[in-house]
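First to last, the sequence lines map onto chains P and W.
Residue numbers for the first sequence follow our numbering, beginning at 856 and rising by one.
Residue numbers for the second sequence follow our numbering, beginning at 856 and rising by one.
Do not rely on the hints blindly, as some may be mistaken.
Note: identical chains are not told apart, hence a pair may lie in one copy or across any two.
[Unchecked claim] Restricting the straight-line Cα-Cα distance to at most 27 Å, the calculated cross-link-like pairs of lysine-lysine (DSS-like) are: (1) Lys1257 / Lys872; (2) Lys964 / Lys1257; (3) Lys904 / Lys1263; (4) Lys1192 / Lys1166; (5) Lys1142 / Lys1187.
These aren't lab readings, by the way, just hints derived from the structure by calculation.
Everything numeric in this text was worked out from a predicted model, so none of it was measured.
Number of protein chains: 2
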Amino acid sequence: MKNINPGDFVELIFPNKSYKGILLESPKDEKGVILLKLDSGYNIGFKKKDISEIRLIKKAEKKEEKIEIKIPQEKPKIAMIITGGTIASKLDTKTGAVSPLTKPEEFFKFYPKIFDKVSLEKIIVPFTKASEDMDFKDWKKIAKITYNLLNNKEIKGVIITHGTDTLHYTASALSFFLQNLNKPVILTYSQRSIDRASSDANLNLQCSALASISDIAEVLLVGHATMNDDFCFAILGTKARKLHTSRRDAFKSVNRKPIAKIWPDKIEILSEHKLRNEKNKVKLDAKFNNKVALIKFYPGQNPDILEFYHKNKYEGLVIEATGLGHVSSLSKNSFLKKIKKLTKDGIIVCVTSQCIYGRVDPYVYSNGRELEKAGAIFLEDMLSETAFVKLGWILGHKEWKKNKQIIKQKMLTNFAGEINERLDEQFHSL
Amino acid sequence: MKNINPGDFVELIFPNKSYKGILLESPKDEKGVILLKLDSGYNIGFKKKDISEIRLIKKAEKKEEKIEIKIPQEKPKIAMIITGGTIASKLDTKTGAVSPLTKPEEFFKFYPKIFDKVSLEKIIVPFTKASEDMDFKDWKKIAKITYNLLNNKEIKGVIITHGTDTLHYTASALSFFLQNLNKPVILTYSQRSIDRASSDANLNLQCSALASISDIAEVLLVGHATMNDDFCFAILGTKARKLHTSRRDAFKSVNRKPIAKIWPDKIEILSEHKLRNEKNKVKLDAKFNNKVALIKFYPGQNPDILEFYHKNKYEGLVIEATGLGHVSSLSKNSFLKKIKKLTKDGIIVCVTSQCIYGRVDPYVYSNGRELEKAGAIFLEDMLSETAFVKLGWILGHKEWKKNKQIIKQKMLTNFAGEINERLDEQFHSL
């Protein structure tokens, strides 16, 4: 380890393999571990004792810290909300830790190209956390800040950066919490940190900038459309789902076409959407009843789990059922029978499919018919994650939740494109 | 309704639309309902009062019931297990109900082409039920019958017909329950009933017949590769997942290539597999501990659900986590903290990803590292459904479950291709 310091580009040699990357400082509580930032942008830990040799490839460059850049001001003004995620963070090459970019000047340094199109008027950082740690309280905070920005006449659109894990849940929440939308609300992310030449951050952010000043007044998730660094898709917030753990094109538009295809310098509209109307005043409707749960059904599952939610005074359940929306029905202790009991006691039970693609349909098989008769609400082609968020939102409204018929009608009303009447043919084979 | 009877091909006229299909007898308990079998093969119910007119298009043909067909006997002999599903059922055009085909003669009548290649030696019908009603006891029954057939020298391979809803769970179960496989075990299905010209049953069954006499000694799911009626994929039992509620190509091979591409008259091998070896004696290892559960994590989820399983003496949990395998970690009442408690008390906690595609990895973010430290077992690129079945199978072995290290080692041992070391690039954009 002589002459090799954190920040240097090195090769770790093992008996049968080797890894190249930037050496990071070892975690304080794991002194026997060497951390390396791989070319893929990921940090990976190795046990020191397994490493045969550490070879220096290139010393860390000492970076100029002075920033003296004038940001052009005549461009359309947008705002950015930073909640975490790699895309809006700078890397400390010594520790591998990331901290958020909080000044327009810093953005200009890392992403000069977005300023070809827009002027970054405001950056707001309500919190920074891994998205798996977010919950409805965070969704409310983001919605409130976005609401204020959208009703600011100076601001043309809002970009929100976010970790990828639960980005699609947050996108759904904002789609319901922000009613009567007037301008674009763009959620974006990156899978690889910005210090990598191969980072997806630059393209995602350039496309987001263009989307944020476009005429699409929707909550959109903008990110890589393919593995190549060529263009992005803008996916409707209620129809996006993370479908890959690590790829740059991790998000897919499910059961409908993406809204648009976006390059750094142009937008191609692919499907219907609401149009920018700056005279609209956005309505903040950030309500959420957290006595809702999402349950994935599997064969042989004991329905006592439903009883657990019953006892704990849950008010709504989304059952991620099999196929067209089925659960067990034959045995004395079937899901169907327990659901009957729950709905009788006033608990709202909704049905989506774990197939992800396609539509639930209670009318094809008798099991489906029985389940509908038992009071379950079949949510068409809605994603389970969107359904969970929507049910919490609907049951967060005191005026609606008094009446089961109103709840059902609201669950089947299309508030934010969460239901697509006619599925686009977009489920391609591998 | 004069002169129109169940079985007739009719058009139902509504004020704004119309539907064509075969009229079925109304359900006994829903006298105000008209049932129609659509061209898609699905039954759909309408309220009589909403229908303006029923137009007769074609009277039902009276079918010849006498079967006098000689089945060629010199072909390779295979056996078939019928558990339900549209593919091995005949439709009663009067009621829309289906009943299984139980004689080779009936198969010959509906599927004459499969007898170009094989001779159907045996048909066994242990039960017929919707697959959402199956559980581990059914998996055991099917495994035992298959085991006996595979160790019968006369039989070249086994075809199992099955409903689509949980077909991939059963495919996983057979992959683990039947060790030291010597011949092909082919699971197949159809999404549309055989009385339809557009049925997928014929192609799926022809390709299954060819697969059953091939040299691939694996548990395979064989079905439409695309929406067209041209060829099938043979997907490894542990890597198949239903990803569409209704399309003919509903099943996808996840995180690895399909084993083969199959046309009615030829097989193209796409990836590595075990070879037929008729000297092998198959070992039946149909064990299952049903004190295992599958839990899909979502943002803000209350970890008390973990406590519920703890109290109910569950021995193993599969957490379908977000992204690379993350759960909430920040609050006092986080999933991470509860998992720590459970693993201390000896409960096995495994982690898969709700992204479906890709691999979990505890080493990229600190949340993952913490979860691994807490004792969770990260199951690489294994599907959640496969992981659930495998955990039940592993914990069904008394000799293994005594020792946590053995359980972990077994969960990470590749018994039936459930782990793919190097993911194939097969996650195509839409």
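Against the structure, the hints:
For the homomeric pair Lys1257 and Lys872, neither the shortest alpha-carbon distance inside one copy (64 Å) nor that between copies (35 Å) is at most 27 Å. Taking the shortest Cα distances, Lys964 and Lys1257 never come within 27 Å of each other, neither inside one copy (53 Å) nor across copies (57 Å). When the C-alpha separation of Lys904 and Lys1263 is checked against a cutoff of 27 Å, the pair qualifies only between copies, where the shortest distance is 23 Å, while the shortest distance within a copy is 60 Å. For the identical chains of this complex, Lys1192 and Lys1166 are neighbours both inside a copy (17 Å) and across copies (23 Å), given an alpha-carbon limit of 27 Å.
In this assembly of identical chains, the alpha carbons of Lys1142 and Lys1187 lie at most 27 Å apart only when taken from different copies (24 Å versus 38 Å within one copy).
In this structure, the earlier hints numbered 1 and 2 are contradicted, and the remaining ones agree with it.
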